[in-house]
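Residue numbers (my numbering), protein chains in the order written: chain A, 6 to 432; chain B, 6 to 432.
What the hints contain is simulated information worked out from the structure, not anything from laboratory work.
Some hints here could point you the wrong way.
Simulated pairs of lysine to any residue, SDA-like, Cα-Cα distance not exceeding 25 Å [to be verified]:
| no. | chain 1 | residue 1 | chain 2 | residue 2 |
| --- | --- | --- | --- | --- |
| 1 | A | LYS431 | B | ASN371 |
| 2 | A | LYS47 | B | GLY369 |
| 3 | B | LYS232 | A | PHE368 |
| 4 | A | LYS47 | A | GLU59 |
| 5 | B | LYS365 | A | THR310 |
| 6 | B | LYS406 | A | LEU280 |
| 7 | B | LYS151 | B | THR203 |
| 8 | A | LYS86 | A | LYS47 |
| 9 | B | LYS155 | B | GLU186 |
| 10 | A | LYS365 | B | ARG370 |
| 11 | B | LYS86 | B | LYS232 |
| 12 | A | LYS365 | B | TYR373 |
| 13 | B | LYS232 | B | ASP214 |
| 14 | B | LYS9 | B | LYS86 |
| 15 | B | LYS431 | A | PHE74 |
| 16 | B | LYS196 | B | GLU257 |
| 17 | B | LYS86 | B | GLY199 |
| 18 | A | LYS365 | B | THR234 |
| 19 | A | LYS431 | B | ASP159 |
| 20 | A | LYS406 | A | PRO341 |
| 21 | B | LYS365 | A | PRO377 |
Incomplete in silico selection of chain A near chain B, CB under 8 Å [unchecked claim]:
| no. | residue |
| --- | --- |
| 22 | SER96 |
| 23 | PHE238 |
| 24 | ALA266 |
| 25 | ALA331 |
| 26 | LEU338 |
| 27 | HIS344 |
| 28 | LEU349 |
| 29 | LEU352 |
| 30 | MET356 |
| 31 | ALA367 |
| 32 | LEU418 |
| 33 | LEU422 |
| 34 | ALA424 |
| 35 | VAL427 |
| 36 | TRP428 |
| 37 | GLY432 |
None of these values were measured; they are calculated from a predicted model.
C-beta: ideal position from N, C-alpha, C; glycine also.
Protein chains: 2
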Amino acid sequence: MAPKTAVILAAGLGTRMGKRPKGLIRVAGREILYRTLTLLMKNGVERFIIVTNERYGRLYRKFVERHGFPAEIVINPEPEKGNGHSLHLASGKVSGKFVLTVSDHVYGEDFIREALKGSGLIADRKPRWTDVGEATKVRVRDGRVKEIGKSLDDWDAVDTGFFVLDEGIFEVTEKLEIEREGDYPVSEVVKRAGLEVTFIDGLPWTDVDTPNDLKKARRMLVKTAVKGTGDGFISRHLNRRISTEISYLLAERVTPNGMTAITFALGMLSALLTLLSLPLAGILYQLSSILDGVDGELARAQLRTSRLGGYIDSLLDRYVDGAFLALLAYSTLTEPLWHLIALLALLGSVMVSYSTERFKAAFGRNAYAEIPSLRKLPGKRDERIFLTMLFLLYPVETSVKALLLLLTVITNLRVGLTAWLVWRKKG
Amino acid sequence: MAPKTAVILAAGLGTRMGKRPKGLIRVAGREILYRTLTLLMKNGVERFIIVTNERYGRLYRKFVERHGFPAEIVINPEPEKGNGHSLHLASGKVSGKFVLTVSDHVYGEDFIREALKGSGLIADRKPRWTDVGEATKVRVRDGRVKEIGKSLDDWDAVDTGFFVLDEGIFEVTEKLEIEREGDYPVSEVVKRAGLEVTFIDGLPWTDVDTPNDLKKARRMLVKTAVKGTGDGFISRHLNRRISTEISYLLAERVTPNGMTAITFALGMLSALLTLLSLPLAGILYQLSSILDGVDGELARAQLRTSRLGGYIDSLLDRYVDGAFLALLAYSTLTEPLWHLIALLALLGSVMVSYSTERFKAAFGRNAYAEIPSLRKLPGKRDERIFLTMLFLLYPVETSVKALLLLLTVITNLRVGLTAWLVWRKKG
Chain A
6 MAPKTAVILA AGLGTRMGKR PKGLIRVAGR EILYRTLTLL MKNGVERFII VTNERYGRLY
66 RKFVERHGFP AEIVINPEPE KGNGHSLHLA SGKVSGKFVL TVSDHVYGED FIREALKGSG
126 LIADRKPRWT DVGEATKVRV RDGRVKEIGK SLDDWDAVDT GFFVLDEGIF EVTEKLEIER
186 EGDYPVSEVV KRAGLEVTFI DGLPWTDVDT PNDLKKARRM LVKTAVKGTG DGFISRHLNR
246 RISTEISYLL AERVTPNGMT AITFALGMLS ALLTLLSLPL AGILYQLSSI LDGVDGELAR
306 AQLRTSRLGG YIDSLLDRYV DGAFLALLAY STLTEPLWHL IALLALLGSV MVSYSTERFK
366 AAFGRNAYAE IPSLRKLPGK RDERIFLTML FLLYPVETSV KALLLLLTVI TNLRVGLTAW
426 LVWRKKG
Chain B
6 MAPKTAVILA AGLGTRMGKR PKGLIRVAGR EILYRTLTLL MKNGVERFII VTNERYGRLY
66 RKFVERHGFP AEIVINPEPE KGNGHSLHLA SGKVSGKFVL TVSDHVYGED FIREALKGSG
126 LIADRKPRWT DVGEATKVRV RDGRVKEIGK SLDDWDAVDT GFFVLDEGIF EVTEKLEIER
186 EGDYPVSEVV KRAGLEVTFI DGLPWTDVDT PNDLKKARRM LVKTAVKGTG DGFISRHLNR
246 RISTEISYLL AERVTPNGMT AITFALGMLS ALLTLLSLPL AGILYQLSSI LDGVDGELAR
306 AQLRTSRLGG YIDSLLDRYV DGAFLALLAY STLTEPLWHL IALLALLGSV MVSYSTERFK
366 AAFGRNAYAE IPSLRKLPGK RDERIFLTML FLLYPVETSV KALLLLLTVI TNLRVGLTAW
426 LVWRKKG
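Just need the whole structure built from these sequences, with the hints factored in.
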């Protein structure tokens, strides 16, 4: 069973990041603690004890009230001593299993979900996002902590600052309180308890000590925010590389909905541009296709995903594609037969999306998750738009016609194959 | 809690319907008992006791095996006696609450669902589908049966042949077994027990005594098979009246998938016909729109609904609409501007459906159920097709252009309003 309570150590008086308490520093538009608390709640934690110092108490109280978190603020009057005392102050306020974590680590959703299944110290043998040099390392023997410290030469994994403990831990802090007169770090508690170690490797987490760490944390959040179930070849190999860089730049200042609006405007502009210059129109269209990934990335990195956002974004994408094809046909074609083909290309383009969304409406599951071979079919939006850009670089009438014919065949064939795969799976 | 066991009385030697046991006569492609058992199972019943006679035993056993129903066959060696004895034969095989029903009544899904919530005799004060003259009536006093019989002058409701009983009923049959030497009808048991009465009025059920009753039952199943959540004005007031008559005619011989194929073929034919005669094309298109309701009606009346069927049907409808508009534009338009408008009309037509299906994919609920005001927006498929037929009756170029312009405006406006309503509801 997942722990219902979490203790957050937030009494540290770190000075390298300015006067604001670290837990209230924003990364990708959200306070570090907002992330930790929100993700823990999403995974079953119902109650928080935040241990902080006298100086930060008011700020944390305001933060907790503003967001309505079910949290109690506990003041440590001697924050200059080791943070083991902060942990000890939570004794009597928790029972059974509980989470212990810190206010200056940024965790991704996948990390929290997996970490909660572990017990003892959660350690990472392959830390991907954090600076190992600065990190606390652990040496493990027989599944338990043997040594812990920043300057261990021989270590097995890195301490993630996340623990799943039992109230029994307070027997250890009780003894240390007396022996050390209240001045001892959590690492001392961990070593003394010979804590169990759970390895969770390579998932997103990092600690934040310097302004540069903050950038790294933002990059981590954006890079791990790619959902990608419906990504085509061009998305995977080109668009996502660029869109995550853009998301990184915009993560602190642009909301997902704002980005949806910008992307839609650019897409519509590219459609209008077909009346003036086809190569430019194609390039802007491809640019809008790259940007199309950004709203989703921002939403996930900022913990602002919404089904409404996804819904509106979907409708707008269809209108951009429709407008582009319609105006492209209008500005270049004369014969009715080619207009007919443009119509079928438009129909096919919308139906590619319709055929997977309608699947979800009917069966309640993502089509790509249910039928993985769907991912291999060509004709997704990112691929169509990239093709469009290529064909419009040297725009003669033949290239437009070839493009429309190609789109008609690819998209409608894809829809037919989708229906066939669905039939085979569900029939 | 819903009963887990049902006793089915199927020992009657009725002769008006030929040699086949009544429970195995098909209505809308399914044996009467197939319906009853399937619907009961759908609502939580897990076990059946079918009491029949020596002659029918083998047939019922084969039926039960073929469909894998969890049913036990009990033989009544004296079927010529009253059916109270058949009920009595089930004693010792059921405990607690159980359903008692008969093999010659056809029940609709809504009836079964509601009846299972009642207790005692389920009676109908406003029988809509059955012949009251032939029916067994009940007089009710203080919520209990006072009198029961076919020829009551003063009655309150009609016996639906459906009971929710308790094992205590076998104390009554025990006494009657002795008093009447095993020859007494269920109605005698009901009266003697002074059974509680639950009124369930106007829901679909009917008994089948004659070949004519069979037709009535089929009509009932087809008429109550209209789902209609997404029906527009034309569907409600015109198409459904005709489509249910067609479903009535085809209910015994055509499967829903077969009907989907026929409807698709006719729709595509109507699209091709735009190249020859616009009025004929429009009329055939409207005809295919009427037929478009039949597959769903057949599926529900025949208990053959499938999400796959709905999925494929949806894709095919979009292709029929696309083909019709594409070929209509191809065969009548010359100026690029009007081709542009045709493209936008096509885009809007597909997007009307996309905007509600995508809603279901995102929010997991039917858009019309969640946002009832959506139903009032014009522009649904049945309305668009009817308009198309009207405009093509006197096909001059102007009328085609007017149609395309109208479709462009109505459909895209509808999509915009849909998005706005969704935003208001979910934002």
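We went through each hint and held it up to the structure:
no., hint, in the structure
1, A:LYS431 <-> B:ASN371, "holds, 21 Å"
2, A:LYS47 <-> B:GLY369, "holds, 20 Å"
3, B:LYS232 <-> A:PHE368, "holds, 18 Å"
4, A:LYS47 <-> A:GLU59, "violated, 29 Å"
5, B:LYS365 <-> A:THR310, "holds, 17 Å"
6, B:LYS406 <-> A:LEU280, "holds, 23 Å"
7, B:LYS151 <-> B:THR203, "holds, 14 Å"
8, A:LYS86 <-> A:LYS47, "violated, 33 Å"
9, B:LYS155 <-> B:GLU186, "holds, 23 Å"
10, A:LYS365 <-> B:ARG370, "holds, 11 Å"
11, B:LYS86 <-> B:LYS232, "violated, 43 Å"
12, A:LYS365 <-> B:TYR373, "holds, 17 Å"
13, B:LYS232 <-> B:ASP214, "violated, 29 Å"
14, B:LYS9 <-> B:LYS86, "violated, 28 Å"
15, B:LYS431 <-> A:PHE74, "holds, 23 Å"
16, B:LYS196 <-> B:GLU257, "violated, 39 Å"
17, B:LYS86 <-> B:GLY199, "holds, 22 Å"
18, A:LYS365 <-> B:THR234, "holds, 19 Å"
19, A:LYS431 <-> B:ASP159, "violated, 54 Å"
20, A:LYS406 <-> A:PRO341, "holds, 12 Å"
21, B:LYS365 <-> A:PRO377, "holds, 22 Å"
22, SER96, "violated, 44 Å"
23, PHE238, "violated, 24 Å"
24, ALA266, "violated, 13 Å"
25, ALA331, "holds, 4 Å"
26, LEU338, "holds, 7 Å"
27, HIS344, "holds, 4 Å"
28, LEU349, "holds, 6 Å"
29, LEU352, "holds, 4 Å"
30, MET356, "holds, 6 Å"
31, ALA367, "holds, 4 Å"
32, LEU418, "violated, 13 Å"
33, LEU422, "violated, 12 Å"
34, ALA424, "holds, 6 Å"
35, VAL427, "holds, 6 Å"
36, TRP428, "holds, 7 Å"
37, GLY432, "holds, 6 Å"
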